[in-house]
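Protein sequences appear in the order of chains A, B, C and D.
Per the numbering used here, the first sequence runs over residues 31 to 166.
Per the numbering used here, the second sequence runs over residues 31 to 166.
Per the numbering used here, the third sequence runs over residues 31 to 166.
Per the numbering used here, the fourth sequence runs over residues 31 to 166.
If you are wondering where the hints come from, they were derived from the structure by calculation, not from laboratory data.
Since this is a predicted model, take the numbers as computed values, not measurements.
Among the hints, erroneous ones may be present.
As the list makes no split between identical chains, a pair holds if one copy fits it or if it spans any two.
Stated by the list, open to error - Pairs of lysine to aspartate or glutamate, DMTMM-like flavour, derived with a Cα cap of 25 Å:
hint	residue 1	residue 2
1	K51	E41
2	K137	D78
3	K113	E35
4	K136	D78
5	K43	D86
6	K44	E55
Protein chains: 4
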Amino acid sequence: MRVIESLNLEEAKKIIAAAEKKAIEIGQPMNIAVVDAGGNLIAHERMDGAWIGSIDISIKKAFTSRAFDISTKELGENSQPGKQFYGIHLSNQEKIMIFAGGLPIKKNGQVVGAIGVSGGSGDQDQEVAEYGARSL
Amino acid sequence: MRVIESLNLEEAKKIIAAAEKKAIEIGQPMNIAVVDAGGNLIAHERMDGAWIGSIDISIKKAFTSRAFDISTKELGENSQPGKQFYGIHLSNQEKIMIFAGGLPIKKNGQVVGAIGVSGGSGDQDQEVAEYGARSL
Amino acid sequence: MRVIESLNLEEAKKIIAAAEKKAIEIGQPMNIAVVDAGGNLIAHERMDGAWIGSIDISIKKAFTSRAFDISTKELGENSQPGKQFYGIHLSNQEKIMIFAGGLPIKKNGQVVGAIGVSGGSGDQDQEVAEYGARSL
Amino acid sequence: MRVIESLNLEEAKKIIAAAEKKAIEIGQPMNIAVVDAGGNLIAHERMDGAWIGSIDISIKKAFTSRAFDISTKELGENSQPGKQFYGIHLSNQEKIMIFAGGLPIKKNGQVVGAIGVSGGSGDQDQEVAEYGARSL
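Just chain A, with the same shape it has in the complex (with noise of 0.2 Å):
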């Protein structure tokens, strides 16, 4: 038998909750989402003023982070023409998004689940995803 540790609704809440107020602080309003460990999404939340089209991006970002548990920002890097993994983002049912703004949730070394955020520039949704997942 296996046991899964993931993140929970409540934790998901937290997590959303601090890359708000980062995002906040930023003036940046942006759309956030929190996968579970089977890369599930367990909570979304589109600040007032978002981007409607961050809505799909948050959301598989956080995907693509548990997917291959690394940050999107790092895969993206490796899927440019030419790098190893070019083509990646043609997998997964249109799931894969490969530029910065998601990262792995981890707990003692192993991935519990992940964060997407998307409203802002690559720098920005890279900074928020981080405040983020740091708050757990």
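Based on the hints, put chains B, C and D in the right spot on chain A.
Chains B, C and D only, in chain A's frame:
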């Protein structure tokens, strides 16, 4: 120019919190989603233990209720074989759900968003959605 | 060589304007779409307050009517469980709608395009589509 | 409650009429689409002789511009290999277009909808879209 009133994030969170309370009361973990006046997701949460297949369904029920300003239960009754909207579930890029659990949310007779609930029987989903919708 | 007679943009606009007039008369905001002899969209409009879920449906009703040179109402009657075309709504990449509101538009007995209307009951959609189709 | 200002049908028609005028002036038949503040289509027209493959593209360009409050030209520049949004075109159920011809439409600095133009070269689509957007 049209002026459209829409739920905001704060209201969406309140609606979800109320629906969650009802779901706990009836002992059935649920997925709960709220969309804005444009049909776009504002917030979603999956309670611990709720079906992962219901993530998508809750979001689509909320969209459907706003898309046609009707409960998904009533739309479903009108979409059975031989009824006036039979086949409607094939429209809108598979975002249409035609069973109970989705409700428009109104303010002063105007639809300002919608809630979608999925995770239990049709009756349970409907009850939780109604409780959430009324909480506003 | 075949010569295909088809509605042009000017005619499509006239048909839509006539249908819109009827929709206003019956007090039901509608989505109205017109396709050409090739089944491809010429023009679409959504009246203020019309359902957003009906954008797609109006366009698909128009396509369906031209695809089979038949009203979607009549096609729908033949596509119920047990009837000769049951299952047809799964063909053509989900572009088939099988309820009232789509009508072929003819000139000298030849189909030159089609109109699709969505936004009310089946009877209302049908009435507005008929008015638009006759306006040519 | 949020109050969202959005283009209405009358304004959408004016924008399309202006864009059409510019398209005639440069001698290139176009598809022209306008979406509201929620990203949902208000109106579309295809000028006689315009590409049928551009129906879908014009609608998607308009959606994309509203989804991210940016021109599709600028988004496209940021979505090339190695750039910060590379891969974004796989989000949002294939509704993202990342080449010129889509523009947000603003009123008092607020995005109230968007226009999408397709039927010519990137420069032509852009020129027609700009003319339409400015007409408001």
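Comparing the hints with the structure gives:
1. In this homomeric assembly, K51 and E41 come within 25 Å of each other (Cα to Cα) both inside a single copy, at 15 Å, and across copies, at 18 Å.
2. Taking the shortest Cα distances, K137 and D78 sit within 25 Å of each other only across copies (18 Å), while inside one copy they are farther apart (31 Å).
3. With identical chains, the CA atoms of K113 and E35 are never at most 25 Å apart, being 33 Å at best within one copy and 35 Å at best between copies.
4. In this homomeric assembly, K136 and D78 come within 25 Å of each other (Cα to Cα) only across copies, at 18 Å, whereas the closest approach inside a single copy is 29 Å.
5. Taking the shortest alpha-carbon separations for K43 and D86, both the intra-copy value of 18 Å and the inter-copy value of 19 Å come in at or below 25 Å.
6. With identical chains, the CA atoms of K44 and E55 are at most 25 Å apart both within one copy (17 Å) and between copies (23 Å).
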